[in-house]
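Start from the sequences and build out the full structure, keeping to the hints where you can.
As they're listed, the protein sequences go chains A and B.
Note that the working numbering numbers the first sequence so that position 29 is 29, with each residue one more than the last.
Note that the working numbering numbers the second sequence so that position 145 is 361, with each residue one more than the last.
These are calculated hints, taken from the structure and not from any lab test.
For clarity, every value in this text was computed on a predicted model and none was experimentally measured.
Even for Gly, the Cβ is constructed at its ideal location relative to N, Cα and C.
Treat the hints with caution; some may be incorrect.
Derived DSS-like pairs (lysine-lysine); straight-line CA-CA distance at most 30 Å [stated by the list, open to error]:
| hint | chain 1 | residue 1 | chain 2 | residue 2 |
| --- | --- | --- | --- | --- |
| 1 | A | K85 | A | K56 |
| 2 | A | K96 | B | K310 |
| 3 | B | K310 | A | K56 |
Incomplete in silico selection of chain A near chain B, CB under 7 Å [claimed, not checked]:
| hint | residue |
| --- | --- |
| 4 | F78 |
| 5 | C90 |
| 6 | G198 |
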Amino acid sequence: MAQIFHPSFNTLSKVSIFGAVFFLGAAVFAWDSLLRSSYNTQVDVAREQPVPFSHKHHVQGLGLDCRFCHTSVEESAFAGIPPTKTCMGCHSLVWKDAPILEPVRESYRSDRPIEWTRVHDLPDFAYFDHSIHVAKGIGCTTCHGQVNEMPLMWRTETLNMDWCLACHRNPSANVRPRERVFDVDWDPASLTDEERAGLAAQYHLKSMLNCSTCHR
Amino acid sequence: MHDQPRFEPLERTTLFADGRASRPRVPGTIARGERVYDAHLVEGKVDGALATTFPMPITAEVLARGRQRYDIFCSACHDRAGTGEGLVVKRGLKQPPSFHVERLRQAPPGYVYDVITRGFGAMYDLSDKLAPADRWAIVAYVRALQRSQNASLADVSAAVRERLLAEAKK
Numbered sequence: 001m002a003q004i005f006h007p008s009f010n011t012l013s014k015v016s017i018f019g020a021v022f023f024l025g026a027a028v029f030a031w032d033s034l035l036r037s038s039y040n041t042q043v044d045v046a047r048e049q050p051v052p053f054s055h056k057h058h059v060q061g062l063g064l065d066c067r068f069c070h071t072s073v074e075e076s077a078f079a080g081i082p083p084t085k086t087c088m089g090c091h092s093l094v095w096k097d098a099p100i101l102e103p104v105r106e107s108y109r110s111d112r113p114i115e116w117t118r119v120h121d122l123p124d125f126a127y128f129d130h131s132i133h134v135a136k137g138i139g140c141t142t143c144h145g146q147v148n149e150m151p152l153m154w155r156t157e158t159l160n161m162d163w164c165l166a167c168h169r170n171p172s173a174n175v176r177p178r179e180r181v182f183d184v185d186w187d188p189a190s191l192t193d194e195e196r197a198g199l200a201a202q203y204h205l206k207s208m209l210n211c212s213t214c215h216r
Numbered sequence: 217m218h219d220q221p222r223f224e225p226l227e228r229t230t231l232f233a234d235g236r237a238s239r240p241r242v243p244g245t246i247a248r249g250e251r252v253y254d255a256h257l258v259e260g261k262v263d264g265a266l267a268t269t270f271p272m273p274i275t276a277e278v279l280a281r282g283r284q285r286y287d288i289f290c291s292a293c294h295d296r297a298g299t300g301e302g303l304v305v306k307r308g309l310k311q312p313p314s315f316h317v318e319r320l321r322q323a324p325p326g327y328v329y330d331v332i333t334r335g336f337g338a339m340y341d342l343s344d345k346l347a348p349a350d351r352w353a354i355v356a357y358v359r360a361l362q363r364s365q366n367a368s369l370a371d372v373s374a375a376v377r378e379r380l381l382a383e384a385k386k
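Structure follows, in structure tokens:
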């Protein structure tokens, strides 16, 4: 009886075994890259909003403090999104007939909130709290980037668990004086390592890695 | 798991006609843990008239808090010195009066509190952003600003006076 497998199949089988390993590796790599790509994490992708609200103009241009609009960021888990009334405090007089502000005026007239598209949204099984981060000297720009240069809001961080943990392992690397938390021009390089260690001691910074810190 | 059957703040709901899961406050109600009602503190009024006194003692901490809150919530329009030339005014907002005009210097603390709480003319109220204690702290700081524009050498302590005089000579 003639051989079913031609001798060349020896090489072919070796190549395909190796190939399968290689293929699987490539697939895992591709999947991982996809998970970390900006397509999936939405990092650096500006979101469309019902009104093209610009942090660049309002924060950089007018010098408004974050707390003028994100009022609850110091006391609660939720930073707060300003009600339409906050916009109207100025826009009932400034740019009061501009067509791009019509949705704002409509919202005020009808008492229906503007539906902003969320930019940062953790899954519900992860717990995040702004107040503790603010109180412990972690600044807005550390996690949200230079919002003062954003004409529309985008994410600068993945918000993945490994990102949270990277800081929670060694929070003192990102600490700044409490009174500079809202300062968009803060330069992390302006503190020496000793000064940072000093602040970390003063604020009693702990490394919180317990799963139940964020999954409760 | 990613979206669990509970509402996050400001999430959408079909339960209410206006779609808001975070319900606006029912007028005339007091939340748990909120101060027992105190007309002087909350309304800025004593026996129905604008308060002429503060509901709490004015300490250095109160002034520091007032300064911080003033810079966040008022300076965009009234500017940091209270002269009414904030950046927004330069972009077309109606110019507010300076806090240093005689009429406002003579106004009782309850008056400024009332403007923050209920608004005035073109100025919207800021009661949803500032708790009563913070409003009073701002009033105290506005008082300090007014004083600062009309201070004399006799107002400062002897040590500071000497330093100022030395600086003036230079």
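These are the hints, each one checked on the structure:
1. For the given pair, K85/A sits about 20 Å from K56/A by alpha-carbon distance, which is consistent with the 30 Å threshold.
2. Taking the CA atoms of K96/A and K310/B, the gap is near 12 Å; set against the 30 Å cutoff, the hint holds.
3. Of the pairs offered as hints, the one joining K310/B and K56/A holds, with about 23 Å between alpha carbons and a cut-off of 30 Å not exceeded.
4. A hinted interface residue such as F78/A counts as satisfied when its beta carbon comes closer than 7 Å to some beta carbon of chain B; here the least separation is about 4 Å, so the hint holds.
5. Contact between C90/A and chain B, as hinted, is supported at the beta carbon level, the nearest pair being about 6 Å apart and thus within 7 Å.
6. Using the Cβ-Cβ criterion of 7 Å, the hint placing G198/A at the interface with chain B is not satisfied: the shortest such distance is roughly 22 Å.
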